[in-house]
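Visitor: Protein chains in written order, with this note's numbering: chain A, 1 to 157; chain B, 1 to 431; chain C, 1 to 187; chain D, 1 to 383.
Treat the hints with care, as some may be off.
[As the list claims (entries may be wrong)] Below, a list of computed lysine-lysine pairs in the DSS-like style, where the Cα atoms sit at most 30 Å apart: (1) B:K83 with B:K93; (2) B:K51 with D:K199; (3) B:K395 with D:K218; (4) A:K56 with D:K67; (5) D:K67 with A:K59; (6) D:K226 with A:K112; (7) D:K310 with D:K102; (8) D:K187 with D:K157; (9) B:K399 with D:K50; (10) A:K79 with D:K310; (11) D:K307 with A:K135; (12) A:K135 with D:K67; (13) D:K197 with B:K51; (14) D:K244 with A:K79; (15) D:K190 with D:K157; (16) B:K395 with D:K50; (17) D:K249 with A:K79.
Hints were generated in silico from the structure; no laboratory data involved. Here the structure is a predicted model, which means the values were calculated and not measured.
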Amino acid sequence: MAKYKQVYGSGINPLTHLGQNYLEVDRSLIPNILQRLRDDEHFDYCVDVTAVHYPKREKAFDVIWILYSFERNERIRVKTQIADGESVPSAEPIWTTCNWLEREVYDMFGIKFDGHPDLKRILLPDGWKGFPLRKDYGILQQDNEWVQINLGIESGQ
Amino acid sequence: MHDLIQYIQSYLGSDKTPGVAGNFFWATVYVLLVFVGLSVAVIAMNWLERKILAHMQVRLGPMRVGPHGLLQPIADALKLLLKEDIIPDGADKVVFWIAPFIVVLAAFTVFVVVPFGPTHAITDMNIGILFMLGVSSLSVLGIVTAGWASNSHYPLIGALRSSAQMVSYEVAMGLAVVSAILMTSLNATNTGTLSMIGIVEAQKDQQVWFLFKFFPLGIIAFVIFAIAMVAETNRAPFDLPEAESELTAGFHTEYSGFRWSLFFLAEYSAMIAVSSIAVTLWLGGWLRPFPNLLQGATADLVFSLIPGVTFLFLGAICFYNTARMPKHPLFRIQTIGLAGFGAVLALIGLVLFVPVVRLWVSDIFWFSAKVAVFMYLYIWYRGTFPRYRFDQLMKVGWKVLLPTGLALLILTAMVGMRAELIAQVKEALHL
Amino acid sequence: MNPSLTQNPPVATSFFFYGIAAIMIIGGILVITRKNAVHSALALITTLLAQAALYLMLYAPFVAGVQIILYAGGIMVLFLFVIMLIAIERNMKERQFNKQWLIGIVAAGALGGLFIAVYTTVTRTASGSKTIFPLGSSSYAEGQNTQGIAALLFSQQAGTYMFAFEIASLLLLVAIIGAVVMAKKRI
Amino acid sequence: MTDSKSLSPLDLDTPDKTFLDANELVINMGPQHPATHGVLRVILRLDGEKVLGLECVIGYLHRGVEKIAENRTYTMFNPYVDRMDYVAAVSNGLGYCEAVEKLLSVEAPPRAQYIRVILTELNRIASHQLWLGTHALDIGAITPLFYTFRDREEILKIFEKYCGARLTTHAFRIGGLQYEAYDGFEKDVKTFCSFVKPKIDEYEELLTTNRIWLERTKGVGVISGKDCIALGVTGPVLRASGVKWDIRKALPYANYKNFDFEIPTGENGDTYDRYIVRMIEMRQSLRIIEQAVAGIPEGPIMAKVPKVMKPPVGEIYHSIEAPKGELGYFIVSDGSTQPYRIRVRPPSFVNLQALDVMCRGQLVADVIAVIGTLDIVLGEVDR
Chain A
1 MAKYKQVYGS GINPLTHLGQ NYLEVDRSLI PNILQRLRDD EHFDYCVDVT AVHYPKREKA
61 FDVIWILYSF ERNERIRVKT QIADGESVPS AEPIWTTCNW LEREVYDMFG IKFDGHPDLK
121 RILLPDGWKG FPLRKDYGIL QQDNEWVQIN LGIESGQ
Chain B
1 MHDLIQYIQS YLGSDKTPGV AGNFFWATVY VLLVFVGLSV AVIAMNWLER KILAHMQVRL
61 GPMRVGPHGL LQPIADALKL LLKEDIIPDG ADKVVFWIAP FIVVLAAFTV FVVVPFGPTH
121 AITDMNIGIL FMLGVSSLSV LGIVTAGWAS NSHYPLIGAL RSSAQMVSYE VAMGLAVVSA
181 ILMTSLNATN TGTLSMIGIV EAQKDQQVWF LFKFFPLGII AFVIFAIAMV AETNRAPFDL
241 PEAESELTAG FHTEYSGFRW SLFFLAEYSA MIAVSSIAVT LWLGGWLRPF PNLLQGATAD
301 LVFSLIPGVT FLFLGAICFY NTARMPKHPL FRIQTIGLAG FGAVLALIGL VLFVPVVRLW
361 VSDIFWFSAK VAVFMYLYIW YRGTFPRYRF DQLMKVGWKV LLPTGLALLI LTAMVGMRAE
421 LIAQVKEALH L
Chain C
1 MNPSLTQNPP VATSFFFYGI AAIMIIGGIL VITRKNAVHS ALALITTLLA QAALYLMLYA
61 PFVAGVQIIL YAGGIMVLFL FVIMLIAIER NMKERQFNKQ WLIGIVAAGA LGGLFIAVYT
121 TVTRTASGSK TIFPLGSSSY AEGQNTQGIA ALLFSQQAGT YMFAFEIASL LLLVAIIGAV
181 VMAKKRI
Chain D
1 MTDSKSLSPL DLDTPDKTFL DANELVINMG PQHPATHGVL RVILRLDGEK VLGLECVIGY
61 LHRGVEKIAE NRTYTMFNPY VDRMDYVAAV SNGLGYCEAV EKLLSVEAPP RAQYIRVILT
121 ELNRIASHQL WLGTHALDIG AITPLFYTFR DREEILKIFE KYCGARLTTH AFRIGGLQYE
181 AYDGFEKDVK TFCSFVKPKI DEYEELLTTN RIWLERTKGV GVISGKDCIA LGVTGPVLRA
241 SGVKWDIRKA LPYANYKNFD FEIPTGENGD TYDRYIVRMI EMRQSLRIIE QAVAGIPEGP
301 IMAKVPKVMK PPVGEIYHSI EAPKGELGYF IVSDGSTQPY RIRVRPPSFV NLQALDVMCR
361 GQLVADVIAV IGTLDIVLGE VDR
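Sequences and hints are given; from them, build the entire structure.
Guide: Dropping the structure here:
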């Protein structure tokens, strides 16, 4: 990873926690780094794409790619920080599997992925308002209006 | 009173079926008998299928309604009759209403020519086998209209599959039937017959079941028919039209209650009908097994006792299970019921030993026993095989059964006319 | 043996004939008046079945059986097959009788004239000497009907229809191949 | 779900174009359909019976497990994971417990590890048996279902004797086990092993060489190893496509490195290979169980874990080889008693994405076979 550090400078920051490697990458470097990780470092399997919400931070979201290389038998996480409303380039052209995974992140956090072929809700119904895995979304909260209209339940609960 | 007895006796001594004799009274009696017998057979088949399948699948099957679930089919029938009759909103009501009746009519009408014995048939038509194939093919109409009238995707696909399947397997079936009919013409006058009774008589005259005729041609024809008939009745492994996992229930998805039960009735009576064709054409119809190997009065006597022995044996099974019933007071009614059922079976067995009855019934018994073997096979298939895919089904029908059937037909004709052929070849060589 | 069992009692011919004929005519009218093509097809099936019954009354069971197998059981199923796959709703809105009614009337008139001509010829035959069917096709007993047809078609002495019969089947084969070629661009 | 207008490109509102006009027919399969294994809805675009494309509509069983996790303590969340892949609840529990243990930097004692392996492998067999029964039922063979359920029952009995529950077992605790193996546990497991071996032969006898089964499964739903990797497909599906990869070998967890077993692979990546791979996997699981039972050490079953768990701040990703594929847990701790974020990497969800690729150009009946062969559990897809 050292050579990446040289190339990209402060935009990339390799770290290790509990024996697991991860890279903190600047948002602007994301497409480049992901592409190079697959092509040059053989991380050919994207295990998961997910996000974490930190409402108190200025850049409120962590987006995390978990990658695995069959050749090196090694896992790595790529992590970037983005602000609410900011979008991330889609990794769908790099790993097809990101299609649904990114849709789920969009569904749950409202993070937009640029260049995603069909970015829409996946687990929640299409007309739903709100993004449940954000910290400001209460555990009992739901889209009462949607429930009233689509399920015909008056109270909305 | 005396006239009446004489009338009945004169009929019993007749060598013609009521239809051929033009006797409307006896024809009506036979129609009623066949109708009732068929309904009972379907009910019995329902129970047997569930029980046999259950035992193949390491479970017990119906056990609650009556001893060993004997009354389960009746309970089911009652339930079906009392269920709400739902006609979907967008359905074509008239066609939706007619469809099950077409299927049932087609399935029951074929039994007009089924020969349970030399005189035990409603009528003996000159075109018997043709009539059976023709009328049974009419049930496709009912299925297609049922699927269309439901105004829903799954039934429509089911109906289309079903009609394509039945139309294509009829061809292979027809070829196999023709090869059996060719065999009937091997007699002094060189004329064959299409009459169901005539076909069995031909097997009797030629002293061989057509299954073993021109070995292995007879067996191949029989196998083609046996495969095609399963496809024709939409049963596993060819049950695509009602493939539960793909099309929920196929063409009768939208049917419920009484109408659905009509489809059920039709399916089972169609199974019995095609089995009857197979038995008549290849398994010697009402003829008892080994007619030429075990001849003589002793063998005749032994074989004529078998029906009675069978029923006694069934009765004995019932009594054995009565003894095994739990001794709890709650099971008292069930125990009594099973014992009663066994007693009835045993009584029937005893009656079957009476010489007059024995002679009269043995034909029907052998015919039914052979059909029952096919019914068991149907259940066995269902327990064993996965389902064919539609293109594979068509492939089997058109690319395997049809060419085999054609080749078989030509071969049968050649073997049947080998004397003439050899003579002609010799003649040609001399020239 | 009771004599009443051996003799053939007369079938209620005229009663059945008029009944079956009425069914046929009603069926025929329904075929051309129904707007729903599936209903028309069902009416046509009724007509064809009634026709089979008429053949039976003419002591021609083989033709009746073939009529049921081929027309009611085979061809009509394919008819229904095709009808169900096209949009019925749109067809229902189309005009019932299209512009070919003139040709239709002419054709129907010609067919009717032919029937009348044949009818008068045959009735004259009963008393006179003129015949249009020289072979006397009704000479076979009912029980021998099928064998009779076979003899007529295939045997060397009685009939010379063998060639025509085979040609007809070849024609059908050509039609099938044509249909396949037209329907499938790539086989 | 109800707003069908948004379902482009498979628009349900356009009238059916049939046969004579165009060749397309849109069929909606599910969510109430006998062969979609729960509440999966598949919208199929057909040309006759040939599949031109399909779209999965999921989420009918979404319960917000990840949201619930953020509002429960680590211990309280443990039973919830059982409700995701409810036919392999033990595996879910193992993955979660190990992930939290890693976060806490504790390790379960050896005896607990052995019992965990035994139960997890038993659960793998149960899951495969359930898969086999329903898969065969989808293809039309009704009998294997009853055979597999009969034998799965024996596994559930062992679970019930061990922890009182049959399906959602909650068998493991963070740091080890709550219950010591009951008296006769080892005997029961050994009896089960010798009982089920001939039964697996029995299933194979019914299917492996059955002509119809071969025709229905060979060459159906083919997916190459490369496609599998690109789509993130894992588990038996990946292995049947020829990629020899099993987390139990590649990145060993629990104490799998102590056991001797093989990873079965297929060649063609079709439904038949997946069937064969899972059948061999059942046998290999039995092998592991036999080794584990023979070698259970004595000792404690619970590591020293604080009563109130407050893992240090940090993130962890830990995954195990569940019966369906890679089941991963990504846990973010903020140092409190409740996880800040738990992300479950569900194998069924990711594998289901491959359905479209596998079904294109196949027939409707094959869609059923492929859904069956992917071995999805909607509880895990939707979470």
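Visitor: Please go over all the hints and tell whether each is borne out by the structure.
Guide: Going down the list of hints, with the structure as the test:
no., hint, verdict
1, B:K83 with B:K93, "18 Å, holds"
2, B:K51 with D:K199, "23 Å, holds"
3, B:K395 with D:K218, "16 Å, holds"
4, A:K56 with D:K67, "18 Å, holds"
5, D:K67 with A:K59, "21 Å, holds"
6, D:K226 with A:K112, "28 Å, holds"
7, D:K310 with D:K102, "13 Å, holds"
8, D:K187 with D:K157, "13 Å, holds"
9, B:K399 with D:K50, "21 Å, holds"
10, A:K79 with D:K310, "24 Å, holds"
11, D:K307 with A:K135, "27 Å, holds"
12, A:K135 with D:K67, "9 Å, holds"
13, D:K197 with B:K51, "28 Å, holds"
14, D:K244 with A:K79, "29 Å, holds"
15, D:K190 with D:K157, "14 Å, holds"
16, B:K395 with D:K50, "16 Å, holds"
17, D:K249 with A:K79, "27 Å, holds"
Violated hints: none; the structure is consistent with every hint.
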